[in-house]
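Asker: Residue strings, one per chain:
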Amino acid sequence: DAGITQSPRHKVTETGTPVTLRCHQTENHRYMYWYRQDPGHGLRLIHYSYGVKDTDKGEVSDGYSVSRSKTEDFLLTLESATSSQTSVYFCAISEPGIQAQPQHFGDGTRLSIL
Amino acid sequence: SQQGEEDPQALSIQEGENATMNCSYKTSINNLQWYRQNSGRGLVHLILIRSNEREKHSGRLRVTLDTSKKSSSLLITASRAADTASYFCATDDKQGGKLIFGQGTELSVKP
Numbered sequence: 001d002a003g004i005t006q007s008p009r010h011k012v013t014e015t016g017t018p019v020t021l022r023c024h025q026t027e028n029h030r031y032m033y034w035y036r037q038d039p040g041h042g043l044r045l046i047h048y049s050y051g052v053k054d055t056d057k058g059e060v061s062d063g064y065s066v067s068r069s070k071t072e073d074f075l076l077t078l079e080s081a082t083s084s085q086t087s088v089y090f091c092a093i094s095e096p097g098i099q100a101q102p103q104h105f106g107d108g109t110r111l112s113i114l
Numbered sequence: 001s002q003q004g005e006e007d008p009q010a011l012s013i014q015e016g017e018n019a020t021m022n023c024s025y026k027t028s029i030n031n032l033q034w035y036r037q038n039s040g041r042g043l044v045h046l047i048l049i050r051s052n053e054r055e056k057h058s059g060r061l062r063v064t065l066d067t068s069k070k071s072s073s074l075l076i077t078a079s080r081a082a083d084t085a086s087y088f089c090a091t092d093d094k095q096g097g098k099l100i101f102g103q104g105t106e107l108s109v110k111p
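Keeping their order, the protein sequence lines are chains L and C.
Residues 1 to 114, numbered by the numbering used here, are exactly what the first sequence covers, in order.
Residues 1 to 111, numbered by the numbering used here, are exactly what the second sequence covers, in order.
Worth double-checking, as some hints may not be accurate.
[What the hints assert, rightly or not] Using 27 Å as the maximum straight-line C-alpha spacing, the simulated BS3-like pairs for lysine-lysine come out as follows:
#1 C:98 to L:57
#2 C:26 to L:70
#3 C:110 to C:26
#4 L:53 to C:98
#5 L:57 to C:26
Note that these hints are calculated values from the structure, not bench results.
With the rest of the complex left out, here is chain L (with noise of 0.2 Å):
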């Protein structure tokens, strides 16, 4: 398994308090992504990192921030939590080359907003 790490795994929250989750590869891939996983919607990119300080939004973004302050960790915000933002996050990470590369995934958070 790709060296990256997810955490926490599971957290139980309220709506309206701030959340952060974290990534943290071992692999030293320039790349990393945040997605979310909902039944009937699939993985839905939120956020990713093409570089240190480097990111942009993705398909759902809003109510998101990301920061990136060293090659290996990646941390996503949910600033006020909503009910909506209820899911399973994933990350992923992948190093970029001449020839399309494929992505490897953490095992997931699973967030609960109540």
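Based on these hints, arrange chain C on the given structure of chain L.
Answerer: Relative to chain L, chain C alone:
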């Protein structure tokens, strides 16, 4: 946005049978990838096929790509109970390497 759409949504077969899953997408691509997800786990990359390739094999997996029909299929031969999982296709967006995932096919292989 372009999106891979899998068909069927769910598939139940007996061990030893072949399983075929299909994926359709909307716009031109550089490559198409297939991933597998076991319950409670992250996605695992299975195989990547480039737009100039028509067929690719990896062990018991066979992937075809028809760019004229904007479709791909994943065939798992001689299925095993351990193949029980969800399978996703993903297409690149041609603009920065981001992937667009379909909603997946849930495969159940009964022993």
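Asker: Decide, hint by hint, whether the structure agrees.
Answerer: Status of the hints after comparison with the structure:
1. C:98 to L:57: Satisfied, since the Cα-Cα distance of roughly 11 Å is no more than 27 Å.
2. C:26 to L:70: 36 Å, violated
3. C:110 to C:26: 33 Å, violated
4. L:53 to C:98: Status holds; Cα separation ~18 Å.
5. L:57 to C:26: It holds: about 22 Å lies between the C-alpha atoms, which stays within 27 Å.
In this structure, the hints that do not hold are numbers 2 and 3, in rising order.
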